[in-house]
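Novice: Spelled out from the first residue to the last, the chains are:
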Amino acid sequence: MAQDDLLLDVSDLSVAFKTKKGMAAAVRGMSLRVARGESVAIVGESGSGKSVSSLALLGLLPKSAQITGSAKFDGEELVGMSQNDLRAIRGKRISMIFQDPMTAFNPVFTIGDQIAEAMEVHGTAEGDKALMEAANLLELVGVPEPGQRVNQYPHEFSGGMRQRAMIAMAIANKPDLLIADEPTTALDVTIQAQVMEVLSDIRKESGAAMILITHDLGVVAGSADRVQVMYGGRVFERGTTNDVFYDPLNPYTRGLLRSMPRVDAIGERLVPISGSPPSILNMPPGCAFGPRCDFRTDACVADAASLELVKPGHESRCHHTADLPAYEAVETLT
Amino acid sequence: MNAPLLEVDDLVTHFPIRAGLFRKVIGQVHAVDGVSITVNERETVGVVGESGCGKTTFGRSLLRLVEPTSGSVKFRGEPVTGASNDRLRELRAEMQIVFQDPYASLNPRMPVNDIIAEPLRIQGTAKAPAQARVSELLEAVGLLPEHGNRYPHEFSGGQRQRIGIARALALNPSLIVLDEPVSALDVSVQAQVINLLDDLQEEFDLAYLFIAHDLSVVRHISDRVAVMYLGRVAEIADSNSLYERPAHPYTHSLLSAVPIADPIVERERKRIVLQGDIPSPASPPSGCRFRTRCPIAVERCANEVPVLQELAPGHQVACHFPIAPGESLVDLVGSAS
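If you read the sequences in order, they're chains A and B. So for the first sequence, my numbering puts the first residue at 148; every next one is plus one. So for the second sequence, my numbering puts the first residue at 54; every next one is plus one.
Derived by calculation from the structure, the hints in this document are not laboratory data. It is possible that part of the hints are untrue.
Said to hold, decoys possible - If the Cβ cut is set under 10 Å, some of the chain B residues that face chain A in the computed set are:
1) S104
2) E199
3) S209
4) V242
5) S306
6) L307
7) D330
All residues carry an ideal CB built from backbone N, CA and C; glycine is no exception.
Using the sequences provided together with the hints, build the complete structure.
Specialist: Quick look at the structure:
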């Protein structure tokens, strides 16, 4: 990507928490580049650091978090930025869509007031005009009868409607970057389809870039330009969505893809990954995936491989990239 | 064919809505509203549906963990509904349940040995044979017997679900109701538990009633599948017919909404995006319950309740206008995206 297209450039980002049981390294040297208008998915299981890394960017972690490394947003360094300066960026140029729309809204203010507040704080609109704009935004994300809905409280909204309202709030100030953290995980499939459609339409219109954080590879397949797979706080594989799904290089990515039953495939026996994801308090030495990997050798225990460019635009972190067998996808009906 | 293991006929479970000083009943939540299903020996029947469709209440009503309002449940021909408490306890040895949340369903103050031995204790097994059985069960679900004196918090989510399964197996049941047994687990761990369930079914001749919202998992594990919507069965068929030749518009929409982990397939798919939300089960729509969201609903759907009709042997659908095999709802109404 051209340098001036680069919107977000995260390099060597690490986040550790001080706990009673010692230091917990949640993110370990993560990098991420997002171009303007691009959609990048971060995929990982619990404890992979996928959510913590984006919270760190926005300064939303508690004080016990120790953040090092660099995250440049449009040339400005976010790591170490004062809360005051961050506040000017948060909700204005970068906004976040959270998983649980119930806890993300304040129950004692109307939805309209909360969307209007997001605009007032950043001086985009004031008073009645902000409230009118809030109704327009609700209409844009497909909330029926926005004129009345704008005066309702969060508990009067269903889960899917609340998630739409949160998207409306997130786009109120026309941000350059949306961070969606498991935006549909709490929703039913038919509602998930609605919300993903709204997100895609909104992005088409506004040209905002998106970081989509999720564990659902199906959601990624339909909506991301590029994917980065995280495990144990590190990026394990990164590439275009097609490359990662059709030619996964990393044993972990392959394991993930193979272990998922597909709705368009017949019931062959699944190929699970053995064991469970590591605890961030107790990371295995060397490669974090080592204890669960079929290809583990002494080299993997001795030290973690680095993320290397294997093919143009396609990186993987594995000592055995060169000697892995060719990837065989699950057979499907179509 | 032999008589079915479980026979559910017109099961209804309503919950009263109470309000006011005297807790007066002001309405009913129609959680399960006339569901009939059979489960044969060694068979897996999947029950899918979105939140609020009554699938969990249905599972619990079968074991009378929630008391059904009307209808009958027969296990090996014997009525479960109406059985005395003593007889019910005996019947429950044959019908067990595994819950969704492996964190909430295990007592945090009990070591795993005691958790798994509890059903044995309740049924009056002596301590020594019970302990031997616990070790056997731990091994059967892929845990180490020596870890039996640990507490639930020392295990990962996947391991806890294995403990829940071991507890359900303790009394040698013939039927296990699995209520979203893998949805709380990480993707990489889900497959382990699904394979374990497959193996145990083979080994112990189990029948499963597999309740889940994930259509991919249900397809993988089930012989037959029932799709529920607002307390009723919309469609029921063997797994392949249901997924390859769905007839109910709701089944079509559900299948078209499931994301597939294949970028090209996913980008090129035509998709029905259902409008609106599931109506409240406290005041379900008249006639066909799906009509408020159905893209092909007409007036008749509001006036007349569709009954389950047989389209092909074993394939039943509750719709006035079932979609023919090979036809797609997307083509009928035009694609939404």
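Novice: All the hints need checking, so say for each whether the structure fits it.
Specialist: Structure-based check of all given hints:
1. Residue-level restraint check for S104 (chain B) holds (minimum Cβ-Cβ distance to chain A is 6 Å; threshold 10 Å).
2. A cut of 10 Å between beta carbons decides the hint on E199 (chain B): the least distance to chain A is about 18 Å, and the hint is violated.
3. For S209 (chain B), the interface hint holds, the least distance from its beta-carbon to any beta-carbon of chain A being 4 Å, beneath 10 Å.
4. For V242 (chain B), the shortest C-beta to C-beta distance to chain A is roughly 5 Å, which falls under 10 Å, so the interface hint holds.
5. The restraint placing S306 (chain B) at the interface with chain A holds, with a minimum CB-CB distance near 6 Å, inside the 10 Å limit.
6. About 6 Å separates the beta-carbon of L307 (chain B) from the nearest beta-carbon of chain A, less than 10 Å, and the hint is met.
7. Restraint check, D330 (chain B) versus chain A: the minimum CB separation of about 5 Å is within 10 Å; hint holds.
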